[in-house]
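Colleague: The chain contents come next:
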Amino acid sequence: MSIRTRLSAALLSALLPGFAAAQDVHGQGVSRDETPGSAQHADGHALADGPDDQAAAANPAGTETHRRQAHAPVQRTGHDHSQMDHSQMDHSQMDHSQMDHSQMDHSQMDHSQMDHGRATLPRTPIPVLTDADRAAAVAPAHLHAMGDNAINHSLLLDRLETWDAAPGTGNAWEAQGWIGTDLDRLWVRSMGERTGGRLASADVELLYGRSVSRWWDVVAGLRHDTAPGPAQDWLALGVMGLAPYRFEVQATVYLGKAGQAEARLEAEYDVLLTNRLILQPAVELSLQARDDARRGVASGISTAEAGLRLRYEFKRRFAPYVGIVHERSFGRTAELREVAGERARQTRWVAGVRVWF
Amino acid sequence: MSFPFTGRAEGAPVHAARRRFMQGLAAGGVLAGLGGWPRHGWALATAHAPGVLAGTEFDLRIGTSPVDFTGKPRTAVTVNGSLPAPLLRWREGSTVNLRVSNALPPGSVHGTTTSLHWHGIVLPANMDGVPGLSFDGIGPGQTYQYRFDVRQGGTYWYHSHSGFQEQAGLYGPLIIDPAEPEPFSYQRDYVVLLSDWTDLDPAALFARLKKMSDFDNYAQRTVGDFVRDARRDGLRATLQDRAAWGQMRMTPTDLSDVNANTYTYLLNGTTTLGNWTGLFKHGERVRLRLINGSSMTHFDVRIPGLKMSVVAADGQYVHPVTVDELRIATAETFDVIVTPSGQDAFTVFAQDLGRTGYVAGTLATREGLRAPVPAVDARPILSMADMGHGGMSDGAMGHGAMDHAAMGHAGMGHGDAASADGTAAANAHAMHGAHQAMGSTSQGMQTHPESERGNPLVDMQTMSPTPKLDDPGIGLRGNGRDVLSYARLRSLFEDPDGREPGREIELHLTGHMEKFAWSFDGLKFVDAKPLRLNYGERLRIVLVNDTMMTHPIHLHGMWSDLEDAQGEFMVRKHTVDMPPGTRRSYRVRADALGSWAYHCHLLYHMEAGMMRQVQVVE
Numbered sequence: 001m002s003i004r005t006r007l008s009a010a011l012l013s014a015l016l017p018g019f020a021a022a023q024d025v026h027g028q029g030v031s032r033d034e035t036p037g038s039a040q041h042a043d044g045h046a047l048a049d050g051p052d053d054q055a056a057a058a059n060p061a062g063t064e065t066h067r068r069q070a071h072a073p074v075q076r077t078g079h080d081h082s083q084m085d086h087s088q089m090d091h092s093q094m095d096h097s098q099m100d101h102s103q104m105d106h107s108q109m110d111h112s113q114m115d116h117g118r119a120t121l122p123r124t125p126i127p128v129l130t131d132a133d134r135a136a137a138v139a140p141a142h143l144h145a146m147g148d149n150a151i152n153h154s155l156l157l158d159r160l161e162t163w164d165a166a167p168g169t170g171n172a173w174e175a176q177g178w179i180g181t182d183l184d185r186l187w188v189r190s191m192g193e194r195t196g197g198r199l200a201s202a203d204v205e206l207l208y209g210r211s212v213s214r215w216w217d218v219v220a221g222l223r224h225d226t227a228p229g230p231a232q233d234w235l236a237l238g239v240m241g242l243a244p245y246r247f248e249v250q251a252t253v254y255l256g257k258a259g260q261a262e263a264r265l266e267a268e269y270d271v272l273l274t275n276r277l278i279l280q281p282a283v284e285l286s287l288q289a290r291d292d293a294r295r296g297v298a299s300g301i302s303t304a305e306a307g308l309r310l311r312y313e314f315k316r317r318f319a320p321y322v323g324i325v326h327e328r329s330f331g332r333t334a335e336l337r338e339v340a341g342e343r344a345r346q347t348r349w350v351a352g353v354r355v356w357f
Numbered sequence: 001m002s003f004p005f006t007g008r009a010e011g012a013p014v015h016a017a018r019r020r021f022m023q024g025l026a027a028g029g030v031l032a033g034l035g036g037w038p039r040h041g042w043a044l045a046t047a048h049a050p051g052v053l054a055g056t057e058f059d060l061r062i063g064t065s066p067v068d069f070t071g072k073p074r075t076a077v078t079v080n081g082s083l084p085a086p087l088l089r090w091r092e093g094s095t096v097n098l099r100v101s102n103a104l105p106p107g108s109v110h111g112t113t114t115s116l117h118w119h120g121i122v123l124p125a126n127m128d129g130v131p132g133l134s135f136d137g138i139g140p141g142q143t144y145q146y147r148f149d150v151r152q153g154g155t156y157w158y159h160s161h162s163g164f165q166e167q168a169g170l171y172g173p174l175i176i177d178p179a180e181p182e183p184f185s186y187q188r189d190y191v192v193l194l195s196d197w198t199d200l201d202p203a204a205l206f207a208r209l210k211k212m213s214d215f216d217n218y219a220q221r222t223v224g225d226f227v228r229d230a231r232r233d234g235l236r237a238t239l240q241d242r243a244a245w246g247q248m249r250m251t252p253t254d255l256s257d258v259n260a261n262t263y264t265y266l267l268n269g270t271t272t273l274g275n276w277t278g279l280f281k282h283g284e285r286v287r288l289r290l291i292n293g294s295s296m297t298h299f300d301v302r303i304p305g306l307k308m309s310v311v312a313a314d315g316q317y318v319h320p321v322t323v324d325e326l327r328i329a330t331a332e333t334f335d336v337i338v339t340p341s342g343q344d345a346f347t348v349f350a351q352d353l354g355r356t357g358y359v360a361g362t363l364a365t366r367e368g369l370r371a372p373v374p375a376v377d378a379r380p381i382l383s384m385a386d387m388g389h390g391g392m393s394d395g396a397m398g399h400g401a402m403d404h405a406a407m408g409h410a411g412m413g414h415g416d417a418a419s420a421d422g423t424a425a426a427n428a429h430a431m432h433g434a435h436q437a438m439g440s441t442s443q444g445m446q447t448h449p450e451s452e453r454g455n456p457l458v459d460m461q462t463m464s465p466t467p468k469l470d471d472p473g474i475g476l477r478g479n480g481r482d483v484l485s486y487a488r489l490r491s492l493f494e495d496p497d498g499r500e501p502g503r504e505i506e507l508h509l510t511g512h513m514e515k516f517a518w519s520f521d522g523l524k525f526v527d528a529k530p531l532r533l534n535y536g537e538r539l540r541i542v543l544v545n546d547t548m549m550t551h552p553i554h555l556h557g558m559w560s561d562l563e564d565a566q567g568e569f570m571v572r573k574h575t576v577d578m579p580p581g582t583r584r585s586y587r588v589r590a591d592a593l594g595s596w597a598y599h600c601h602l603l604y605h606m607e608a609g610m611m612r613q614v615q616v617v618e
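For the record, the sequence lines run as chains W and C. Going by the numbering used here, the first residue of the first sequence is number 1, and it counts up by one from there. Going by the numbering used here, the first residue of the second sequence is number 1, and it counts up by one from there.
If you want the footprint, here are the derived chain C segments under chain W, 3+ residues with CB under 8 Å:
#1 126 to 139
#2 222 to 230
DSS-like mimics (lysine-lysine), calculated; alpha carbons at most 27 Å apart, straight line:
#3 K211/C x K515/C
#4 K307/C x K281/C
#5 K211/C x K315/W
#6 K72/C x K211/C
#7 K315/W x K72/C
#8 K529/C x K515/C
#9 K315/W x K515/C
FYI, nobody ran anything at the bench for these hints, they're computed from the structure. Heads up, the beta-carbon is just placed ideally off N, CA and C, and yes, glycines get one too.
Just chain C, same shape as in the assembly (with noise of 0.2 Å):
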């Protein structure tokens, strides 16, 4: 019991020393009235706890409710009065049926239309809630019957699909309990929805990231960052580094386009503040379930004093891997099983990619008690490898938080000098997996398709991207403490189809940063093409990314079985992550006829056009 806080935290809730706007001013949630908010424990280890719904019937009611997360009262569009909207509990091999009315008042700001979408369930097209592929959405006054074939287990989420609803609050966690015994164990068994709120109208932060994309950024480099750097790498070097990006006429502190200067991070929909809880008895297994619910936030998420099992991704098993920290990108979810014992408190600590905020919640003995907050980690800054440019000044590898070896130096190599500095003798295993990423390309250069070239809309194209599978992550690298990559998820079962993809498609993932535009291949969604897959086919899908942005990327309809460095089936996902200068691959089978939606899970790249209409034809 060295725990500075158990000792007078004898029913007295203790806050987070560093209580900062971003945190949020409030406890938030939807106003009851009451005094009070109501929080939603989400213990499913009981029946039927509060916020909970269960079973086969459900009658969902979207409208809107007043909240308050930062000491300013806002509107939010919740489901039958909750944000997060209900936790809704299936059970594998039932038939569901989902009565969805929309109550959305007259006039409002976040639209007349509605829609939920059921995020990584495999069911027909038409129950797939997406307005315009799936169906016509759901009008005022409308109710529409969802209803399905549960054919799958695990942890999933909902939301909209309608303009920006999805961040003014429309999001839930999906549960589903499965028809065979799982292979873990575990006492108690909490949801943990991490999100990020916005008092502005989604539709005011799209039209603002529109006129200034880094409105969030401040973090930009000053002259005082150049005078520091350049004594430390030298006045040369720190010319070149910032010749290289001012000639791209990019920003290397460019890390997400919305962060805590805009939003508040909630988990289970309360600030820290408010402190969500979940209860532990000392040796307990406690299955944690992390969704990132979020609109525009990767969340890297940690528990300090305790190992994370991570036993499921995107709600398929995988082999458990233990670590101390994960990153979870919009709309994947973990299934993380720890042991908490020795404290009577520990913090759940979720800090965003950027390094501008985070949010917290306990796991405790009891309610009201507190384990320390630990700080925001320093700020990363991008370089030109982390971009998949070979071509690095000695000025970019200058900074110290960087991990040279886990640079993925493989993709240079090109002839330049900067890489006869030793460190690609120490990267054997990243040098295999680019051999075998470029195995289309002859030179090691990607090539680029030929709608990219000349067009507006194409600020940067990556020169040499690699899988970077077992590459942390920008602002992870060398951290100490262990960190997830994709190279340590292995699904539990073996490739479920089997065949060999019969073709190939790649796509590029593409943007411009100063008009905020975004698409695949150059092509904005109302530009392109849709993708036509045939019925029954097995195809592989090259992901390359041509931005300096992190995005996670969500094929609806159809697993995305992630492939490894040597194009082996890995891990089944339903969101594939994909950070700058990285190219990687799954495998798909087309088994669900019908108009998919195939998008970036970044709301605003989504919006901003970066999604694709997929048809699975006969």
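Bound conformation, chain W alone (with noise of 0.2 Å):
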């Protein structure tokens, strides 16, 4: 947030230069951040406007230049001069010593162009201050109250799907939710498979992810593993966002406690053939950094899942789906899943809703 304040700060100062020579005029009698031009106006008024003129005719091109000139909101050029009061002016804090009136050019000045009517006193006066609107002008103690940092929070079961097919039924379930603001989100995600009546995997994520781009939050955090084999808790960390063409991928690389390691990808899109009928492509890949025979993984790309699940939105937050899955596991994790007993390829047909809330 610190940063964030000093942005804005930095940001006014650059937005509003002439800002500052505004106040430097209130407040010194001249500013050097005055133009040659108007100075020499506010300085007694020593400039008839004939010689400009003249300039002017040898200077056309002068014309912009003026015009763009920051008018700090002081008399300058009037030609009614009935409302001036010279007995409040101070000219005691005036320090003549500073300027420099040699680098001063008029033959660059094109007065032609400046219409003296409206460019010195506003038509319609500007009401003297009283005490009154000094008084309705304190802003309150309380500041504005706004939803603008409020904490919200979003849940989505992506997943929760089951099938019958060989060895067995099953179901899975894949859910994410965070909650915080914007840019601050305590995320937990979870994964899980139960086969033939057990727990084949099981996974819940608890991260801190912080937005630091416009499409992605870096997440960091801890995962527990309830199963394959024994519990076990990692370090994670990751990014999770929005790729170009609208592709949701989240990768996470997880450390765990013996030192193995595993890196997971997961990309996701919504193919839209209508607005409420949803072909969702998947993909999800596991990397092992070494064989972990308890997990039943061995180094490389240990598994693979692509998904086609069709869903209709009865609401949004209610979709239920079809689906086809094909899982595959590679190399010496096949091997070790064959020997265990389980299919290294598998292709199901699943059954599903989507809610969040």
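Once you've looked at the hints, go ahead and assemble the two chains, each given alone in its own frame, into the complex.
Modeller: Spelled out as structure tokens, the structure:
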């Protein structure tokens, strides 16, 4: 937050160069930021219009320059001086020694485009402030309350599905939720699978996520596995976000206590057949840094899963689906699985529901 | 009398043929318990019509009332039990006293404190009604006394500035009779207050937008659209178009965040079914005071069969301009004069910008008549040019609904081959505007504040925005009707201040669609410092829209004197609409000491952070 505050301060001063200049004018009578021409005008109205007009005729190209000068809100070139009260002027703060007129080049000035009638006093006078005005302008103690940094949350059960395929029935889930602000969020992710009446895999992750760019959040936290094998914990570090062409992507690296490491890559995409009938291709890839017999995986690419799910959004929040999922394991992971009586490849039809809250 | 309905409509109401859910299943309004709802005629020609409070002394009680607009009873926030809030009628030159009391029930989902803000009214800062900026708000059981001099005339409105109470019904018309005679005449005078109602708790709607910002977009491009476009424009062009949007991770059908899939639109607090009716006699001049009191909806308003003469914008007189249709942004007001004759009923038709729904009322010679209600227009699709992206693919240009002449290709011509199609030549006028708009950039490419760089809350930046003042707007180009644009609005008076702006503040409208985060220059309200103006100065505010959405920007306390493409004073407004891809400027005279709100008037954009505090200091 402090970085952002500094940003806004820098931004403000970058945006408002004239603001500083205007303050100088009020404070010191003559500002160095003021252009030579207007300084002259302010300083006793030394210049008549005549000579300027002659200069203008010689130099029509100077118009733009002058028009872009910062015009501080002081009375400068008014033809009607009857409103001026010089008795209120305090010149004691003026330091003429700082003025350097040697750089002034009046030949570049073009006053021919100046409209002295409108560039001076406002047509509608600015009301003189009273104490009542000042009293009415005192801001309240408590700042305006808004929802721009409010805590929001979301929970998506992306997959809650079941199947009946060899070697038996099974079901699986994949869910993720967040709670937090636009930039800082606490994420919960969980996925798992039951086959043949026993828990084949299950994990839950608790992550802190921070938005680091337009489309990407960095996440870091813990993952806890209850299956396969004995329960174990991992450190998790990853990114999640929206890749070009609106692919939803998650990539995470996990470090286990015993020095094992895993990487998971997930991507999914919504193909709109209609605005309610949506085909979702998805791929998941697991890589292992080394063999982990307890989990039945070997180093290298261990498993991959590709799914194609067709859902119908009866409501945005409720969409049943059917799909086909192909799962396979590779290399020695496949061998380990076959030894354990599992198939290295499996294709199954699934049916499920996608809901969010 | 060729009109088909007039023959059989003797006293028998003829309901609209298309009675969709979104148009309201109930006539709506506050449930009075006596059968029927108190429908406000709001005919101002008669002195004290029902629902009208006039004078200088007002007692306004903010509470909740049961309402039913969709067939489901809900609780609205109301003033004196009325939705919309009572019409307040003031007189320029008077001093008004408004005692506003908070009678919200304890534990209301709409909050415990409340407030009323007088939109577009020039007044002391502590009378402006923004909690946390003007005052502390009105606590439970408290009464706040607003008292100030009325120094302007015209059509305005008022609404809550607390939480989401405005969405829940806390808005009403505010009419100020001018001290001097008006420069036009009329025999009838009606308020036409448009608004959007949801059965959802507005806070739940906000939370929903945070979870899924495109919840209401059921018009996204599908595989079928791809096949159609590929056949029409060629596969390559279609792929290029999809790639351009895909790389941005955006969708060109994203026209509005909340639409009729959520909202029921209301006209003077009643649904289309309720058929608000304004009576006229043939040949009479009827003044309609159009007010957009919605939370999130731009309405496109027309009265088939009638020309509308626009005589005032945001309460301020303009040179009359005659149009068939106008887009009214949230919080804007337009006064139009129509002269109905030749048929006994005319439909006042207001469809939303996203083309998802409408609300209709009737001008008729007697109660119970109804004219045909037109179909909602075809839904437009945003082009890259709409968003100020010069590099437009051919695919994006292929859409039949587009009017290429009005697309503002002026921003193109950066060496992109797509601009070599000859359209640029037809846009000399727009080109001129573009030249002016890009005054501060040497290459014609828009520069952006440093705070937007790498900012996770900024998902897009426009490349070459233009003022587009003569553009009727997305979905209104080439529709065969004469549509109002800002370029056609000229104040009836010269620049009331007259000074050239002493300095320029450029602010970018920024956002992130997926996060539903909105901001200025990538900084949300909570993260931004106040903008400081010096009392008495004249400055120029330049707005650049870096988003896909259309944002009506409202500065409290001071006028926004909109400039034309040449930087000259054009029209005085309190709310300046900013379509995507635009760069527009206005002059501000900082003659109001104190802290003021400055924000997008789309309620959920403001609440998400698209707001700044403006401090006018001595």
